[in-house]
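Fit chain V to the supplied structure of chain F, relying on the hints for placement.
Protein chains in written order, with our numbering: chain F, 1 to 421; chain V, 1 to 421.
Among the hints, a few may not be true.
[Said to hold, decoys possible] On the chain V side, residues computed to face chain F include the following (Cβ under 10 Å):
(1) SER29
(2) GLN30
(3) THR44
(4) PHE131
(5) ALA162
(6) VAL190
(7) SER285
(8) TYR349
(9) LEU352
[What the hints assert, rightly or not] Covered, in the sense of this in silico footprint (three residues per stretch, anywhere, with C-beta under 8 Å from a C-beta of chain F), are these stretches of chain V:
(10) 13 to 20
(11) 46 to 60
(12) 311 to 322
(13) 333 to 346
If you're looking for bench data, these hints aren't it; they were derived computationally from the structure. All residues carry an ideal CB built from backbone N, CA and C; glycine is no exception.
There are 2 protein chains.
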Amino acid sequence: MTNLTAEVVSIGDEMTSGARLDTNAQWLSQRLGDLGIDVQFHSTVGDTLQHNIDVFRTAAERVDFVVATGGLGPTRDDLTRQALAAVVGQPLELRQSALDHITSLFSKRNREMPSRNEVQAMFPVGSQEIFNPQGTAPGVDVAFDRQGKRPSRVFALPGVPAEMKRMFDQTVAPRILESVGRRSHIEHLVMKFFGIGESDMEHRLGEMISRDRIPRVGITVSSATISLRITAMADSPEQCRELIRGTRQEILDRVGELHFGDGEDFEQYHAVRRELDRRGQSLVSLELGNAAKLAGWFASLGKTATYRGGFCFADLPELAAVFAVAVPSATQTLLEKTGADWLLVVDAYPSLEVEAEEPLPAAEVRFVVVGPDGRTFSTTSRLGGHPAIVHARIGKAALAWFRTVLARESSTADSAAATTP
Amino acid sequence: MTNLTAEVVSIGDEMTSGARLDTNAQWLSQRLGDLGIDVQFHSTVGDTLQHNIDVFRTAAERVDFVVATGGLGPTRDDLTRQALAAVVGQPLELRQSALDHITSLFSKRNREMPSRNEVQAMFPVGSQEIFNPQGTAPGVDVAFDRQGKRPSRVFALPGVPAEMKRMFDQTVAPRILESVGRRSHIEHLVMKFFGIGESDMEHRLGEMISRDRIPRVGITVSSATISLRITAMADSPEQCRELIRGTRQEILDRVGELHFGDGEDFEQYHAVRRELDRRGQSLVSLELGNAAKLAGWFASLGKTATYRGGFCFADLPELAAVFAVAVPSATQTLLEKTGADWLLVVDAYPSLEVEAEEPLPAAEVRFVVVGPDGRTFSTTSRLGGHPAIVHARIGKAALAWFRTVLARESSTADSAAATTP
Numbered sequence: 001m002t003n004l005t006a007e008v009v010s011i012g013d014e015m016t017s018g019a020r021l022d023t024n025a026q027w028l029s030q031r032l033g034d035l036g037i038d039v040q041f042h043s044t045v046g047d048t049l050q051h052n053i054d055v056f057r058t059a060a061e062r063v064d065f066v067v068a069t070g071g072l073g074p075t076r077d078d079l080t081r082q083a084l085a086a087v088v089g090q091p092l093e094l095r096q097s098a099l100d101h102i103t104s105l106f107s108k109r110n111r112e113m114p115s116r117n118e119v120q121a122m123f124p125v126g127s128q129e130i131f132n133p134q135g136t137a138p139g140v141d142v143a144f145d146r147q148g149k150r151p152s153r154v155f156a157l158p159g160v161p162a163e164m165k166r167m168f169d170q171t172v173a174p175r176i177l178e179s180v181g182r183r184s185h186i187e188h189l190v191m192k193f194f195g196i197g198e199s200d201m202e203h204r205l206g207e208m209i210s211r212d213r214i215p216r217v218g219i220t221v222s223s224a225t226i227s228l229r230i231t232a233m234a235d236s237p238e239q240c241r242e243l244i245r246g247t248r249q250e251i252l253d254r255v256g257e258l259h260f261g262d263g264e265d266f267e268q269y270h271a272v273r274r275e276l277d278r279r280g281q282s283l284v285s286l287e288l289g290n291a292a293k294l295a296g297w298f299a300s301l302g303k304t305a306t307y308r309g310g311f312c313f314a315d316l317p318e319l320a321a322v323f324a325v326a327v328p329s330a331t332q333t334l335l336e337k338t339g340a341d342w343l344l345v346v347d348a349y350p351s352l353e354v355e356a357e358e359p360l361p362a363a364e365v366r367f368v369v370v371g372p373d374g375r376t377f378s379t380t381s382r383l384g385g386h387p388a389i390v391h392a393r394i395g396k397a398a399l400a401w402f403r404t405v406l407a408r409e410s411s412t413a414d415s416a417a418a419t420t421p
Numbered sequence: 001m002t003n004l005t006a007e008v009v010s011i012g013d014e015m016t017s018g019a020r021l022d023t024n025a026q027w028l029s030q031r032l033g034d035l036g037i038d039v040q041f042h043s044t045v046g047d048t049l050q051h052n053i054d055v056f057r058t059a060a061e062r063v064d065f066v067v068a069t070g071g072l073g074p075t076r077d078d079l080t081r082q083a084l085a086a087v088v089g090q091p092l093e094l095r096q097s098a099l100d101h102i103t104s105l106f107s108k109r110n111r112e113m114p115s116r117n118e119v120q121a122m123f124p125v126g127s128q129e130i131f132n133p134q135g136t137a138p139g140v141d142v143a144f145d146r147q148g149k150r151p152s153r154v155f156a157l158p159g160v161p162a163e164m165k166r167m168f169d170q171t172v173a174p175r176i177l178e179s180v181g182r183r184s185h186i187e188h189l190v191m192k193f194f195g196i197g198e199s200d201m202e203h204r205l206g207e208m209i210s211r212d213r214i215p216r217v218g219i220t221v222s223s224a225t226i227s228l229r230i231t232a233m234a235d236s237p238e239q240c241r242e243l244i245r246g247t248r249q250e251i252l253d254r255v256g257e258l259h260f261g262d263g264e265d266f267e268q269y270h271a272v273r274r275e276l277d278r279r280g281q282s283l284v285s286l287e288l289g290n291a292a293k294l295a296g297w298f299a300s301l302g303k304t305a306t307y308r309g310g311f312c313f314a315d316l317p318e319l320a321a322v323f324a325v326a327v328p329s330a331t332q333t334l335l336e337k338t339g340a341d342w343l344l345v346v347d348a349y350p351s352l353e354v355e356a357e358e359p360l361p362a363a364e365v366r367f368v369v370v371g372p373d374g375r376t377f378s379t380t381s382r383l384g385g386h387p388a389i390v391h392a393r394i395g396k397a398a399l400a401w402f403r404t405v406l407a408r409e410s411s412t413a414d415s416a417a418a419t420t421p
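With the rest of the complex left out, here is chain F (with noise of 0.2 Å):
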């Protein structure tokens, strides 16, 4: 099988003066990965006719696949189509099935549709739509010949991310995948893990995240959480599962104490959650420092009762002095006040206040767990790294020990219950 390879280009003046950070193309090059495309180049282009035009004949010389975003709305600023037209010399003419769907959508939300909209329904002759469940804006489709070379086909999306990403899962990665006779479906699976840097993963996982492994691993790193993400073609859904579950399986055998749960979007607190969840018990938590991170994050599970409130101050002093408590009983006062079963303590935060963007030097914070009867698990751990994300690492590494408090409990309740008769 040949290198496939392919190009993103990011289109709007917005983008090339620095007003908004694109995003579009981080996780276009992603997807094309798990495509096991190549992706060799992006380019963002501002609303300029001839420089789109120069872009676009630049990308589809260069590589197979050329996926754009942008410069469909129906302003005078948006010139992909007209662009296109002109790369692929040909004119452009109106697709009434387009048409059909943005008038639908106008009289969906009981407007009339704007005459200039009617653009957003021109085509480049020989050209195809992709279809836009979400906007006005469809894509589109065309394919560029090369000399000497199989054509390269460019795909144009709209820029708004949330209709760009079904566009692409829905319509341009299935074509892709039948125009280069690959298999018909595609699935993924996304593995999360906290406690390990992103180069030991890479170590332990060793061949398994090979750019030509068969289903494909790829991983990213989020604020010190690694993504592993699986990504399998077969000729059904349930080949692409049943090699999806062995990948899983054997990315278990290697890092599998590290693993806190499957999905794009769950994170720790989730795990926490779904355990608390099971067990019936609930928790509080108390931030000393310069940083409110579970409390933000429980809160966005919305009422459950599994958490049962946040408190943050800049010491336990200050906690002592709500309860009218001294200091040494302020945290045994907060879990019978709230009523909870467990509460966990982040002592404490360090201050962001140093030069800017280097570095934060390591420093101790201790994570205390106080769980029924008053039982007290504590840690310290010595954390650093980009001010950016070194108050999430402190808030996710407080996380894992909290789980490892529980798991230890549970392990410890498992063999209690089995040694009594």
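Just chain V now, kept in the frame of chain F:
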């Protein structure tokens, strides 16, 4: 003055593969825009020598200034120096001054310089160094001859954001100004605003945000906070500051009532802290629902007499239970127990569990301020927006309401003082 143009180039497989999000290109685009230079393209390329050569050649042909990041490390993947040498057709030579700096950085860290780092002191013949005060990778500044046009100038900087930013401000920006015969000094001031949308702000500023204005005023938005960035170029820092003062006043005349402070990193919670410090008063926050923004923001200030703690619950009954009081008196009890002067309540942050990435419909949120003597000031807003920013917007609206209450209180107090003999 002719229109000067630029391209930003980002180098590294970690960017083309989507493993890392490129934020350098956005920052550089804003800075180049501040200098009055029109950024027309961004290009991202992996660690492949021929691709780097192609991208640099295309960029140098089509714009006046190219600013690149990445590929200046000591490993075999770092190809920027070789690519630039190939593009200008000059060999690489060792620069003793650069080597001395690299060696001295290692000896400061009590480490021997690995021999592979020597390559970081290699420069294309005829190029200039760009000093890197923080790291071992000096930048490269090289001119590229173009037929019939002024030569283009290529600046290659390391990919580490903190190093890149400092080198751009210290060396690249002054060299760009010098090369185009512009004023020799440049100063920035960022003014911050809350309570208005971007398009309304643009409308009220009118011609002030024209790209030709001197000094130039740039507008950016981050989670509903608007930043206006004034950039003045003149023959001395004093003249720059004089220009900035005048423009700042013009802006205040138009939108002064929405202005809450100056400085890139100055946020509303800093403004609140400053005002409470001035009064010698203190605040606690109570956040209900699905977020804990205020707790996080105020915690980041560290221990201060101003902020006495953050309390986060699903709803008011949860708070009432902690203090074993009836729900209606829970907020008053909280204020008394903490001994703070003011309580700011967000009631409540909505759940974000909607269709992924679709804008959240506007929902009613109540903001309550309880002040000294138990007086209560409340307001209700309808707030929605993109899930990534809607909770921050609600927290910021709460701070805006608190600032309004403080301002009213102080004008009431002033007028009371004025009428008292």
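field: Structure versus earlier hints, numbers of those that do not hold, lowest first
entry: 4, 6
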